[in-house]
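Modelling step: build the complete structure from the supplied sequences, incorporating the hints.
Chain by chain, the residues:
2 protein chains.
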Amino acid sequence: MDTWQSGRLVELDEDECWELLASRVVGRVAYDDGSGPVVLPLNYQAVDGRIRVRTAPHSVLGLRVRDRRVAFEVDDVDEFRSSGWSVLVRGRASIVDVDLHGRAEGPRTWVSGNRSLVLEIDADEVTGRRLMGS
Amino acid sequence: MDTWQSGRLVELDEDECWELLASRVVGRVAYDDGSGPVVLPLNYQAVDGRIRVRTAPHSVLGLRVRDRRVAFEVDDVDEFRSSGWSVLVRGRASIVDVDLHGRAEGPRTWVSGNRSLVLEIDADEVTGRRLMGS
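For the protein sequence lines, the chains are R and E, in the order given.
Counting from 1, position 60 in the first sequence corresponds to residue 60 in our numbering; the numbering is continuous, with no gaps.
Take any residue in the second sequence, count from 1 to its spot, add 1000: that is its number in our numbering.
Among these hints, one or two may not hold up.
Chain E stretches covered by chain R per the calculated footprint, using a threshold of three residues with CB under 8 Å from any CB of chain R [what the hints assert, rightly or not]: (1) 1029 to 1039; (2) 1067 to 1076; (3) 1083 to 1093; (4) 1096 to 1103; (5) 1110 to 1117.
Label-pair restraints from in silico Cβ distances [what the hints assert, rightly or not]: (6) E:Arg1066 / R:Arg50: 25 to 35 Å; (7) R:Asp76 / E:Arg1064: 18 to 28 Å; (8) R:Asp97 / E:Gly1102: 46 to 56 Å; (9) E:Glu1019 / R:Glu105: 32 to 42 Å; (10) R:Arg103 / E:Arg1066: 39 to 49 Å; (11) R:Asp97 / E:Asp1048: 41 to 51 Å; (12) R:Leu63 / E:His1058: 30 to 40 Å; (13) R:Glu16 / E:Arg1024: 18 to 28 Å; (14) R:Val47 / E:Glu1125: 42 to 52 Å; (15) E:Ser1094 / R:Gly102: 17 to 27 Å.
Bear in mind the hints are in silico, worked out from the structure with no lab data behind them.
Quick reminder that beta carbons are idealized off the backbone N, C-alpha and C, glycines included.
Next comes the structure, spelled out in structure tokens:
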């Protein structure tokens, strides 16, 4: 079947993208820090068309992304089969909570320390692709 | 030992960052396509302080990144141990070759089709971090 041809890149529909987003706990946020793009991995939660992350209150991420367009990416790579998938979410980021008591909805973070600033990316574009392996 | 405390984030030195970059074949490039940041995974090669990738001659990536600052990220995540590492390369991208005959130095690409445009990111900032797991 041609669809499974090795090296072929197939677009995913939006439902499949959200299923894949819900299946992981670490993704990568990209934003502009004033001197170009930056990419950093962090824990996230995908709920109802939005991506939630937590960061430190005075982090560059917290200071820079407010009301700006950012990108959020999740992927899975199989080096043995030269295959994988990726999902890209684009949208505006905003601060939804300063969660001093850990009560707000949001991801559990692996990094210790104060991650009380809860950010949300409101997805206005969700695209994904799957690379067929051998 | 405090260094191995679970949830602790440790900065990597530049040599270690280049060793980790050399250990992988897929990373993620982030660039601005005119309406905000985009992140896409692709094959790469890390050589002598530079990152090489291949793309299609008329791709958005090829058209947009020329002589602009981009970011390139590689990471490894261990969901079981809630740990991992990531390396971030920042620098200006340029076209080094239009490799119609596949003779230029550069990564082997998993995606089939014409990937004759060889781009290089000249790293002016390389940072990395390791998150200690449980």
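Taking the earlier hints as the rules, which of them does this structure contradict? When the structure is compared with the hints, numbers 4, 14 and 15 turn out to be violated.
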